[in-house]
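Engineer: Single-letter residue listing:
2 protein chains.
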Amino acid sequence: MSVLIVDDEERDRLWLKGLLTSRLEGPLTIYEAHDGQEAVDAAMKYKPQLVFLDIKMPKLSGIKAAEQILSKLPETGVVILSNFSDEVYVRQLWKVVPPNGVFGYVLKNASDDQVAEAAKAVLSGDCWIHPGIARVIQRTQNRATNLTAAEYEALVCIALGLTDHEIATRLYLTEKAVQSRLKALYAKLGIPGRGESPDVDFNQRCRAVYLSNRRGLINQSELEEWESRLLASRTTAGS
Amino acid sequence: MSVLIVDDEERDRLWLKGLLTSRLEGPLTIYEAHDGQEAVDAAMKYKPQLVFLDIKMPKLSGIKAAEQILSKLPETGVVILSNFSDEVYVRQLWKVVPPNGVFGYVLKNASDDQVAEAAKAVLSGDCWIHPGIARVIQRTQNRATNLTAAEYEALVCIALGLTDHEIATRLYLTEKAVQSRLKALYAKLGIPGRGESPDVDFNQRCRAVYLSNRRGLINQSELEEWESRLLASRTTAGS
DNA sequence: GATAAATTCAGGGTTTTCCCTGAATTTGGG
DNA sequence: CCCAAATTCAGGGAAAACCCTGAATTTATC
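Protein chains in written order, with this note's numbering: chain B, 1 to 239; chain G, 1001 to 1239.
No wet-lab data here; the hints were simulated from the structure.
Be a bit skeptical, because a hint or two may be false.
Result set (SDA-like, lysine to any residue): computed pairs, CA atoms no more than 25 angstroms apart in a straight line [as the list claims (entries may be wrong)]: (1) Lys1056(G) with Asn219(B); (2) Lys108(B) with Arg1214(G); (3) Lys95(B) with Asp41(B); (4) Lys1108(G) with Lys188(B); (5) Lys17(B) with Glu1010(G); (6) Lys108(B) with Leu1020(G); (7) Lys17(B) with Ala1110(G); (8) Lys1017(G) with Leu107(B); (9) Lys1017(G) with Asp113(B); (10) Lys17(B) with Gln114(B); (11) Lys1120(G) with Arg11(B); (12) Lys1183(G) with Glu227(B); (13) Lys188(B) with Leu1231(G); (14) Lys188(B) with Glu1225(G); (15) Lys108(B) with Asn1109(G); (16) Lys17(B) with Ser1022(G); (17) Lys108(B) with Gly1216(G); (18) Lys1056(G) with Arg215(B); (19) Lys1108(G) with Arg214(B); (20) Lys1108(G) with His34(B); (21) Lys1183(G) with Pro1198(G); (22) Lys1120(G) with Glu9(B); (23) Lys188(B) with Thr1029(G); (24) Lys1056(G) with Glu224(B); (25) Lys188(B) with Trp1226(G); (26) Lys108(B) with Gln1037(G); (27) Lys1188(G) with Leu107(B); (28) Lys108(B) with Pro1198(G).
Please construct the entire structure, taking both the sequences and the accompanying hints into account.
Structural biologist: Shown next, in the form of structure tokens:
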């Protein structure tokens, strides 16, 4: 039995290592990595049955590392360790894991029992998803509330503070098209239009950002990545 | 020597307990509490020299707990443990700690050495602030960039998605006054006006929210508290 | 391939946000 | 008490965001 533990924080690595050592029966080999890049390299080298991946890591996020590992070694059991129940990450993970692949999704405030359970489940071919995220997953698959890629794109743009016109330019669309996307987005988020609400009048744009943050559809660190990408493309390949 | 450790996560409590036991010389008594309310009670009862407080806790936040403890026992050394370098919290803490009071501010990704250092510093009457927050503190005291209470209030409102008109109603102001506040806010955040920017056109409202999040002036959980308060006041004391 | 759904785009109208100037008022120190 | 700074408020104007309807296209799905 071999396990790869990937986390940039020593404290968490120690905790996991201790936990797995005491809870998993049989001989156990543990490898460690400190970031996504190391994780991919180590996985290639040692081909562990199980990989524990922190989401927030320098160089390569846990999700991206999982993607690369699974593309080479689809048999690997992946367990994601996350601090939040962010819908963004669940969405991304969903795309990355092969249809018949196995994965676990554990929040960092999980009990030791839960982590051990998740590890065992994934090893024996089952998925294990933290209770409380089940809800998020459901939403991820629900047509009515699940955002399309287009809507998500628009969401990120307004969250960064772009105007309709800027968004249109950047995405090669008309302003009207952008407004269409936004309208659909507001509807899915359940934001009332002007005068549609009994007691509170909202600025839909800002309200959409707020609610999306609340639901974990977007979060600050994701946005910051998007920003650097969007602004870079402008400076580099300027018109 | 007595220390009170307050954190709702067992893992972190254990970590801190082990750390302090091994690093602090002399006989050591450690008390524990799981939330802000318990913390205040325990502090009253045991009068520890040092209190370690997590910021995010059920019932009473670390800051508020610190406020109550310091109002009764101003001699207590308070060390805040936070996951982020959020400016909101530093601002709040600044107000709560008496002018001659002692406090520490440690990020949770701090090394064991740093935590031990912070504990010793506070015990011997010095403040200890995590490197990287120094910058935030400076900004907190800088006239030009530091937000006034009025601007902060406006910021929270737009971040929640309220319109100018709604804000005016809620704060008993004119729409024009609200716009004044917002204008000042945008200026302090350094957001370019229409056409003032060479390459990107921003929706100032959303941009302000984004940048404030980035700088830690506001954050999601704070906003959610504000929301429940603002919406409650409407339903309860209507008109 | 046909149906349904999502997406783009248009025209034209209303409201909101943002801009500029400027004055009365409040606030905090010296 | 007075100055300087912050704050509130006003009027009027330009731009952006939102609303409605409706049609042509693309995209999935059966």
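Engineer: Work down the list of hints and note, for each, if the structure agrees.
Structural biologist: Evaluation of the provided hints:
The straight-line distance between the Cα atoms of Lys1056(G) and Asn219(B) is roughly 18 angstroms, inside the 25 angstroms bound, and the hint therefore holds. Our distance criterion of 25 angstroms between C-alpha atoms is met by Lys108(B) and Arg1214(G), whose separation comes to about 23 angstroms. Distance check on the hinted pair: Lys95(B) and Asp41(B) sit about 22 angstroms apart at the alpha-carbon level, within 25 angstroms; holds. Taken as a hint, the Lys1108(G) and Lys188(B) pair is broken in the structure, with Cα atoms around 37 angstroms apart against an allowance of 25 angstroms.
With a C-alpha separation of about 17 angstroms, the suggested pair Lys17(B) and Glu1010(G) falls inside the 25 angstroms cut-off, and the hint holds. Note on Lys108(B) and Leu1020(G): the hinted pairing holds, with a Cα-Cα distance of about 23 angstroms set against a maximum of 25 angstroms. Pair hint Lys17(B) plus Ala1110(G) holds up; C-alpha atoms about 20 angstroms apart against a cutoff of 25 angstroms. At most 25 angstroms may separate the alpha-carbon atoms for a hinted pair to count; Lys1017(G) and Leu107(B) meet this at roughly 23 angstroms.
Restraint check: the Cα-Cα separation between Lys1017(G) and Asp113(B) comes to about 22 angstroms, which is no more than 25 angstroms; the hinted pair holds. Using a Cα cut-off of 25 angstroms, the hinted pair Lys17(B) and Gln114(B) holds, with the two alpha carbons roughly 15 angstroms apart. Only pairs whose Cα atoms come within 25 angstroms are accepted, and Lys1120(G) paired with Arg11(B) is accepted, the gap being roughly 21 angstroms. Taken as a hint, the Lys1183(G) and Glu227(B) pair is honoured in the structure, with Cα atoms around 24 angstroms apart against an allowance of 25 angstroms.
The hinted pair formed by Lys188(B) and Leu1231(G) meets the criterion: a straight-line CA distance of about 22 angstroms does not exceed 25 angstroms. Taking the CA atoms of Lys188(B) and Glu1225(G), the gap is about 24 angstroms. The hint holds against a cut of 25 angstroms. Note on Lys108(B) and Asn1109(G): the hinted pairing holds, with a Cα-Cα distance of about 14 angstroms set against a maximum of 25 angstroms. Restraint check for Lys17(B) and Ser1022(G): satisfied, since their Cα atoms lie roughly 21 angstroms apart, inside the 25 angstroms limit.
Of the pairs offered as hints, the one joining Lys108(B) and Gly1216(G) holds, with about 22 angstroms between alpha carbons and a cut-off of 25 angstroms not exceeded. With a C-alpha separation of about 19 angstroms, the suggested pairing of Lys1056(G) with Arg215(B) holds against the 25 angstroms cut-off. Straight-line distance between C-alpha atoms of Lys1108(G) and Arg214(B) comes to about 23 angstroms, which keeps the hinted pair within the 25 angstroms bound. Proposed proximity of Lys1108(G) and His34(B) is supported: the alpha carbons are some 17 angstroms apart, at most 25 angstroms.
Annotation: proposed proximity of Lys1183(G) to Pro1198(G) holds, straight-line Cα distance about 20 angstroms (limit 25 angstroms). A distance of roughly 24 angstroms separates the Cα atoms of Lys1120(G) and Glu9(B); the hinted pair therefore holds under the 25 angstroms criterion. For the suggested pair Lys188(B) and Thr1029(G), the alpha carbons sit about 54 angstroms apart, so the restraint of at most 25 angstroms is broken. Annotation: proposed proximity of Lys1056(G) to Glu224(B) holds, straight-line Cα distance about 23 angstroms (limit 25 angstroms).
A distance of roughly 24 angstroms separates the Cα atoms of Lys188(B) and Trp1226(G); the hinted pair therefore holds under the 25 angstroms criterion. A distance of roughly 24 angstroms separates the Cα atoms of Lys108(B) and Gln1037(G); the hinted pair therefore holds under the 25 angstroms criterion. For the hint pairing Lys1188(G) with Leu107(B), the CA-to-CA distance comes to about 37 angstroms; that exceeds 25 angstroms, so the pair is violated. For the suggested pair Lys108(B) and Pro1198(G), the alpha carbons sit about 43 angstroms apart, so the restraint of at most 25 angstroms is broken.
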